[in-house]
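One-letter residues, chain by chain:
2 protein chains.
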Amino acid sequence: MKAIRHYSEITPTDYKGDKVRNVAGRVAIGKADGAANFCMRIFEVGEGGYTPRHYHPWEHEIFVHTGHGEVFCDGKWNPVQAGSVVFVPPDAEHQIRNTGPQPLVFVCLVPPAAPEL
Amino acid sequence: MKAIRHYSEITPTDYKGDKVRNVAGRVAIGKADGAANFCMRIFEVGEGGYTPRHYHPWEHEIFVHTGHGEVFCDGKWNPVQAGSVVFVPPDAEHQIRNTGPQPLVFVCLVPPAAPEL
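Protein chains in written order, with our numbering: chain A, 60 to 176; chain B, 60 to 176.
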């Protein structure tokens with residue numbers, strides 16, 4: 060069995076580009092751990108940060124761990140906070156932004172056909 | 060797209076039996092939402108509570124949202140807290156218990172062959 064660890068122990072990858080700001084991602088559980096059916100990633104969005112607005116043929120299952128933010132889906136921004144759950148179906152346009160001073164930390168799961176990060 | 064909601068808005072199911080204590084589970088994202096590849100459940104383990112010690116042919120991907128507890132795996136108890144990540148492979152014996160005064164809340168994902176709750 061894989062060692063239990065705190066997500067902060069995993070080396071983050073900073074996202075760079077003109078469509079993303081202040082976002083770091085970590086693969087918490089993935090294929091390298093023997094997880095064949097889905098991959099758990101953890102994202103930290105800093106103050107003023109946002110993920111790119113995009114869509115793709117795989118779904119997301121999202122759980123918000125800390126902070127306050129908004130998720131763009133169905134053409135509008137929807138508030139989320141620690142404890143919020145979001146299902147983004149395949150091909151749905153989406154984006155997440157931090158609206159508070161705290162880091163917005165969320166768990167985001169994808170199926171095996173998706174890139175892990 | 061499914062409405063975004065806080066997990067506490069979902070009706071919990073209390074677990075009953077002599078091998079489980081003070082555990083409530085919720086299906087946050089499942090087949091009824093169109094999630095075909097994996098199911099997100101959220102468990103609350105109250106003070107002094109524990110899940111049953113068991114094993115089954117499907118894996119768990121676990122993220123601890125709040126509280127302090129221990130996960131039994133590899134034949135011993137391992138401490139976890141908010142932010143901990145645990146991968147329980149198929150057929151591995153496991154159990155989770157709350158060791159603090161706060162609710163131990165964790166997200167636990169399973170593949171589609173597993174019961175949702």
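The hints are simulated quantities; they were obtained by calculation from the structure and are not laboratory data. Only a predicted model underlies this, so the values are computations on that prediction, with no experimental measurement involved. One should not assume that every hint holds.
One copy or any two copies: either way a pair holds, since identical chains are not told apart in the list.
In the SDA-like style, the derived pairs of lysine to any residue whose C-alpha atoms are separated by at most 20 Å in a straight line are [as the list claims (entries may be wrong)]:
#1 K78 x D150
#2 K78 x Y114
#3 K90 x P170
#4 K135 x H65
#5 K78 x G89
#6 K90 x P171
Verification of the supplied hints:
1. K78 x D150: within (18 Å within a copy, 43 Å between copies)
2. K78 x Y114: within (13 Å within a copy, 44 Å between copies)
3. K90 x P170: So K90 and P170 pass the 20 Å test inside a copy (11 Å) and across (14 Å) alike.
4. K135 x H65: between (34 Å within a copy, 18 Å between copies)
5. K78 x G89: neither (26 Å within a copy, 31 Å between copies)
6. K90 x P171: Intra 8 Å, inter 18 Å, cutoff 20 Å: intra and inter.
Comparing the model with each earlier hint shows a violation of hint 5 alone; every other hint is respected.
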